[in-house]
Amino acid sequence: MNVNKYQVKGFLKVFFIHLFLVVITLSCLFPLFWMLRSAVMTNQTIFVDKSFIPSEIHLENFMKAWVEGNFGMYFLNSVVYTVSVVVGIVIISSMAAYAFSRLQFPGKNFFFYMFVAAMMIPLPGSFVPLYVLMNKLGLVNTRFGYILCMINVGLSMSILLLKTFFDKMPVDLEDAARIDGCGKFGIWWHVALPLARPAIAVIVIFNSLNVWNEYILAQLLLNEPELMPLQRGLMVFQGSHLVDYPLLMAGLTIAALPIVLVYLLMQKHIIKGLTSGAVVG
Amino acid sequence: MKKILGIFLCLILLVGCVKRQQDPNTITFWHWMTDRHESFQKLAQKYEAETGIKVRVDLYAPSDAYTQRIVASAQARVLPDIFGILDKKEIFASFIESGFVADLTEYFKADGGQWESSLFSKALDVNSFKEGNIYNIKPGIYGVPIDVTNIQMLYNKKLLQKAGINNPPKTFDEFLVAIKALKQIGVPGFVSGWGELWMADCFASNYAFNIMGEEKVIATYRGEVPYTDPDWIKVFNVFKTLNANGAFYEGIVTKPNKEAEQDFALERVAFAFNGSWCVNVYHGMNPDLEYGAMLPPAINPDLPVRIWGGAGASFVVNDSSLRKQKAVDFLKWLTAKDQQEFIAEETKNLPANRRALSSIPEILSEFARGGDYTTHPTIWEYNENPLVSEKFTKGLQSIIIGEKTPEQVAAEVQEIKQREIKKDAQKMLTK
Amino acid sequence: MMSLIKTKTAAFYNIKNNVENYLFIVPAVAIFTIFYIFPFIDIFNLSLHEWNGISLTRKFVGLQNFKELFQDEVWWKSFGNACYITLIALTFQNALAFALALACDREIRMKQFYRIVFFLPPVLSEVVVGLIWRWILNPGMQNGEYYGLLNYVLHHLGLDQLINNWLSDPKTALTCIAVVHSWKGFGWGFIMLLAGLQTIDRQLYEAAKVDGANSWNTFRHVTVPMMIPVILVVVILTVLGSMQVFVLIISMVGQGLVDYTEVPVTRILAAMMGTNRFGYACAMGVNFGLVLILISLTMKKVSDRMKQA
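Protein chains in written order, with the numbering used here: chain A, 1 to 281; chain B, 282 to 712; chain C, 713 to 1021.
Because the hints were derived from the structure by calculation, they are not lab data. One thing to keep in mind: the hints can contain errors.
[What the hints assert, rightly or not] Calculated from the model, a selection of chain A residues having no Cβ within reach of chain C, i.e. all distances over 12 Å:
#	residue
1	Leu29
2	Ile53
3	Leu59
4	Glu60
5	Met63
6	Val67
7	Met73
8	Asp175
9	Ile179
10	Asp180
11	Glu224
12	Gln267
[To be verified] The list that follows gives simulated cross-link-like pairs (lysine to any residue, SDA-like), each with its CA atoms no further than 20 Å apart:
#	chain 1	residue 1	chain 2	residue 2
13	A	Lys268	C	Leu909
14	B	Lys369	B	Pro420
15	B	Lys704	C	Phe782
16	B	Lys708	C	Phe778
17	B	Lys704	C	Arg770
No residue lacks a Cβ here, since even glycine has one placed at the ideal position from N, Cα and C.
Working from the sequences, and respecting the hints, build out all of it.
What follows is the structure, encoded as structure tokens:
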């Protein structure tokens, strides 16, 4: 069989692409493997046993981590916070981004750049004025207060991302909807949001990750264990002096799973996106 | 789908708005020690059973998050009844000045001095302000220590024996000999968690006290002795010499203490520099470890070697609390013999109560014996300016990685010191 | 008369229009004002004072904190370090993300799998990442064998001259941190660039093929121009994120290797917690923000010019 040079070239191309992908993949999978491996060992063997697959496997560490870390309660709290914050951000930031992109009103640019500037000015030491303010508003130690605070954290970036996306949106669809009698909110809800699905998916992933992994603000604003998120449960394994590494790794693995799940669900939307032929011609 | 989301959201908001009322008869107790949370909770239950008074134990960890919480709560005026101040004496003074911390001297005197004498005086000193202190705080006791720690050197008996050394080194020269012998058999000499700058500072301070004595060190802090003084160069040279002899375990300058503890517990290194809390940690990682505690080997035979020690964890009482007497009673109960023995047992740490000493494991008694040599920055009458301290410890790092000489570092630190002295002088003028 | 009514009606509708438009941004602005603006005003105010965080009195010192800041060598060095990390992130991290996105944009097998895997590093907490990489880069030895993975592999490959005290060597510490940061972050760039790539109409590629363009030309003339908005967003987010990195640094080198691993945020924390100077820390924060805004404005000017080109 004659193999022409184009076929060889094509094959090499695919080969190197795959090689590249595999190497990067290994470097990404390695930590996960390391975490799993550590999670099933004991505190004594964890630094001594050098073998790839540990000789003794303690699967019960996962159960132990769940129970000792009181994960059930913290897990539920984290889910509540993540869902509320993400839904809140998607609605509030998409409304604002739509307005900045498509609507006219005095001071539009001022407000937009204000949000963008906020991303650049970190507020160190803001925990003191924030706490005093929250205390005055009676929002300390409430879920609502924490949720609002976390919504604020993700607002700027989400608005920026969505505005960029809305700017790229074709105007014809909007005009069509307007002719059909849709008011501004209608256009936003029925046209803009569905079209922005990939960007919204990115925002969902980004903010879910932020809220899920957050604990500094949680420690500051919440008093009771009943309101604390998952990261607090993980703190139990990181004693001020004694660290229970296997349980900590088991706990971290459990904690990482839901976020990966969210990503799995959302990344479909990133890919589906505009290729579903919404625009013709 | 949208409807469900909407209902869900409303539910959350409703749930979120429920506020919990504080029970006026519950004492609020905030701490930062994850390892002891369970013990404290057990003690709180015991206290309630004995006296009927509820104690609510809340944990905020790690200690940085705890400090943030305390600072924010202070400003919002919602401090709990009992809390801890994990900071310098100057900040402790600021808390008292601002009315956040109660003066406990009267409570200590109330039972004729019995409570006071049951506790180690050095532990109490950490929580007291003496006559004529520079912070202008009324002399007295302002906090209650509930345990005692000190920081010494540890040595691995097995590894030393393998190198042919049967007794732990008592002088610096003996120490260098030991390091050489260990190198011969391929064992790294010394490790410590110097990625946490204060530990390197502690080591330097110990040798400073040994080389020139407490008086001169404090005089330096006051600005009367320059850092370029030959005695200080000797202190810097300690690090240079140890580095030149290859004593330091690789990566010591950026090593977190937890990692250093692993290194020692898993017998990778022969010597360590750590606090008495390490007993619990080493036990968790390697119960068969054979080790002992010793003072840092002396350079100057004429002056004692001083180590840092005193109170481990201390608690203060909120001055605006409506339950002050109850809070003090609880703290007094915590420092009583039974509770102290319980805490020492559970956390393998040294008790603050002298009479609870009988029930500690052997290795801890070795730590306890060093108690006579302890000192601590919080009991010195004058502390170094933190900016100068920062430059000092970073200078130690530079010496260890071999990028600067002791003389260079001394000159740089002295430069910062001059600048700060000038600034303080100006401040005095504008006051 | 009619024209007066018309103008009045027009004015009324104009106001109604504006009010409706404002409603869109009201929730965002409200939350933002409460949780950002108020603390910001306090921070700005604090930067003009001296305060230790506790005391009931704050001493007004005007612009003295800023004056001191301009002469603070360590502060500007930390800025340089952050810029270095950002540079590595912009080049290494984003080039990697783009290459991977391109690779996954085609119809290759296991596309789904790769997409999941590349997002794993961002999901990991900094604590874990710090622990793992500290182990990999550990320079110590145990029982005659190198304990850290990197040195171990180098030794066994016979590349002993490359063995180093990675995180404790001034020459390599910051680079290691920058590489780990890039490794952890490329997943974000990856999904955003992939999303952007997926929105490019396939017909454009086909048209290019019909015109006889090879893959490089297609890339240059079709892909890149269409991707510029997304690339810009990724660049801005990379810059902002990399300049503000700090948790990773603390978990990898503790309080740092002299001044070689300091970044602006660690300096701010050191001022707050280490030397108890809240006023100075706030001045640092304000200064940092202003510099970042300057950088962003410059980037925007550059991007505008690129768009015109």
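Evaluated hints:
1. Separation of Leu29/A from chain C is inadequate, the least Cβ-Cβ distance of about 6 Å not exceeding the 12 Å criterion.
2. Every beta carbon of chain C lies more than 12 Å from that of Ile53/A, the smallest distance being close to 17 Å; the non-interface claim holds.
3. Separation of Leu59/A from chain C is adequate, the least Cβ-Cβ distance of about 20 Å exceeding the 12 Å criterion.
4. The non-interface label for Glu60/A is consistent with chain C: the shortest C-beta to C-beta separation is roughly 21 Å, beyond 12 Å.
5. Distance check for Met63/A against chain C: the nearest CB is about 21 Å away, which clears 12 Å, and the non-interface claim stands.
6. With a cut of 12 Å on Cβ distances, Val67/A stays outside the contact zone with chain C, its closest approach being about 21 Å.
7. Taking the minimum C-beta to C-beta distance to chain C, about 20 Å, the non-interface status of Met73/A holds against the 12 Å cut.
8. The claim that Asp175/A lies off the interface holds: its Cβ sits roughly 17 Å from the closest Cβ of chain C, which is beyond the 12 Å cut-off.
9. Every Cβ of chain C is farther than 12 Å from the Cβ of Ile179/A; the closest lies at roughly 18 Å, confirming the non-interface assignment.
10. With a minimum CB-CB distance of about 18 Å to chain C, Asp180/A clears the 12 Å threshold, and the non-interface call stands.
11. For Glu224/A, the shortest C-beta to C-beta distance to chain C comes to about 22 Å, beyond the 12 Å cut-off, and the non-interface label holds.
12. For Gln267/A, the non-interface assignment is contradicted: its Cβ lies about 6 Å from the closest Cβ of chain C, within the 12 Å cut-off.
13. A hinted pair counts as satisfied when its Cα atoms are at most 20 Å apart, and Lys268/A with Leu909/C qualifies at roughly 14 Å.
14. Between the alpha carbons of Lys369/B and Pro420/B the distance comes to roughly 17 Å, so the proposed pair stays at or under 20 Å and holds.
15. Simply put, Lys704/B and Phe782/C have alpha-carbon atoms about 17 Å apart, close enough for the 20 Å limit, and the pair holds.
16. At roughly 17 Å between alpha-carbon atoms, Lys708/B and Phe778/C fall within 20 Å of each other, so this suggested pair holds.
17. Among the hinted pairs, Lys704/B with Arg770/C is consistent with the structure: their alpha-carbon atoms are about 18 Å apart, no more than 20 Å.
In summary, the numbered hints that this structure violates are 1 and 12.
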